[in-house]
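Sequences are here, hints too, so could you generate the full structure?
Sequence lines, in order, name chains A and B.
Going by my numbering, 128 is the number at position 128 of the first sequence; the sequence numbering is gapless.
Going by my numbering, 47 is the number at position 47 of the second sequence; the sequence numbering is gapless.
No lab work stands behind these hints: they were computed from the structure.
Treat the hints with care, since some could be wrong.
[To be verified] Listed next, the in silico EDC-like pairs over lysine to aspartate or glutamate satisfying Cα-Cα at most 20 Å (straight line): (1) A:Lys-2 - A:Glu-49; (2) B:Lys-77 - A:Glu-76; (3) A:Lys-11 - A:Asp-55; (4) B:Lys-2 - A:Glu-49.
Because the structure is a prediction, the values reported are computed rather than measured.
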Amino acid sequence: MKYILMMTGTKADFDWYAKWSKRDLQAQLAFMHSFTRELKDSGVLVATEGLGFPDQGKLVRAAADGTPITDGVFPESKEFLAGYWIVDVETPEHAYRLAARVSAGPGPKDRGNQPIEVRPVMSGPPPEML
Amino acid sequence: MKYILMMNTMRAGESVPNWPAKDLQAHIAFMLNLNKTLRESGELVSAEGLAFPDQARLVRAGKNGTPITDGVFPEGKEFLAGFWIVQVDTPERAYTIAARVSAAPGPGGVPLNMLIEVRQVMSGPPPEMS
Numbered sequence: 001m002k003y004i005l006m007m008t009g010t011k012a013d014f015d016w017y018a019k020w021s022k023r024d025l026q027a028q029l030a031f032m033h034s035f036t037r038e039l040k041d042s043g044v045l046v047a048t049e050g051l052g053f054p055d056q057g058k059l060v061r062a063a064a065d066g067t068p069i070t071d072g073v074f075p076e077s078k079e080f081l082a083g084y085w086i087v088d089v090e091t092p093e094h095a096y097r098l099a100a101r102v103s104a105g106p107g108p109k110d111r112g113n114q115p116i117e118v119r120p121v122m123s124g125p126p127p128e129m130l
Numbered sequence: 001m002k003y004i005l006m007m008n009t010m011r012a013g014e015s016v017p018n019w020p021a022k023d024l025q026a027h028i029a030f031m032l033n034l035n036k037t038l039r040e041s042g043e044l045v046s047a048e049g050l051a052f053p054d055q056a057r058l059v060r061a062g063k064n065g066t067p068i069t070d071g072v073f074p075e076g077k078e079f080l081a082g083f084w085i086v087q088v089d090t091p092e093r094a095y096t097i098a099a100r101v102s103a104a105p106g107p108g109g110v111p112l113n114m115l116i117e118v119r120q121v122m123s124g125p126p127p128e129m130s
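In structure tokens, the structure reads:
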């Protein structure tokens, strides 16, 4: 089964992250690279992406004539997706173990383990929608 | 440039919408057709649909690195229902595609005009971090 592991944060979390020392950022990046390589080597990695910072985000809605209306204002509490991994594993527990690895990734000294949202990825729409 | 189009339309407790089967089918047919069009134009990088929020877990590493899972989310939390990653030349093209998604048909075939979050997908970490 495919599972998605999502790292999210509020605007405040991203602002804090942008202030990490260069050494902390590099240690985190090195961890991410080696984690992704390990997933690739063990054959469970389907895809991984890192997203732009929230200040680059836009909300788009279709107007009555279908043209895009864009807006860059988000509620303060909004959780932004920072990046994700999609893994193909046999059990949810395996996905949770991998998420725990990301959760405990390195950061500044005062940083606790971050929560990672894990959810199955569907191979198609639910049967009742077809 | 790669952009991600996110449907953050689900809330905790939500499952398959309570629409007539005909409307659900028209919605899915619209999405499948849009994917096909984007694939044929060479713009589609990937598209995924996620399981409903009742299957989502928050995972955090315990002190010894083992996963601690929790299924309780804040009430107003937006859940990612699905996303598209497209490869396009301009952000405006990504917004145009997002507007197409936004206008997907809902009950009675009326366009939903959903809010779609659009953000650039990075090809790697920002240069100042590596």
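Tested hints:
1. This hinted pair checks out: Lys-2 of chain A and Glu-49 of chain A have alpha carbons roughly 16 Å apart, not beyond 20 Å.
2. Under the criterion of a C-alpha separation no larger than 20 Å, the hint pairing Lys-77 of chain B with Glu-76 of chain A is consistent with the structure, at around 12 Å.
3. This hinted pair checks out: Lys-11 of chain A and Asp-55 of chain A have alpha carbons roughly 8 Å apart, not beyond 20 Å.
4. As the CA atoms of Lys-2 of chain B and Glu-49 of chain A are separated by approximately 10 Å, the hinted pair is consistent with the 20 Å bound.
In summary, the structure agrees with every hint in the numbered list given earlier.
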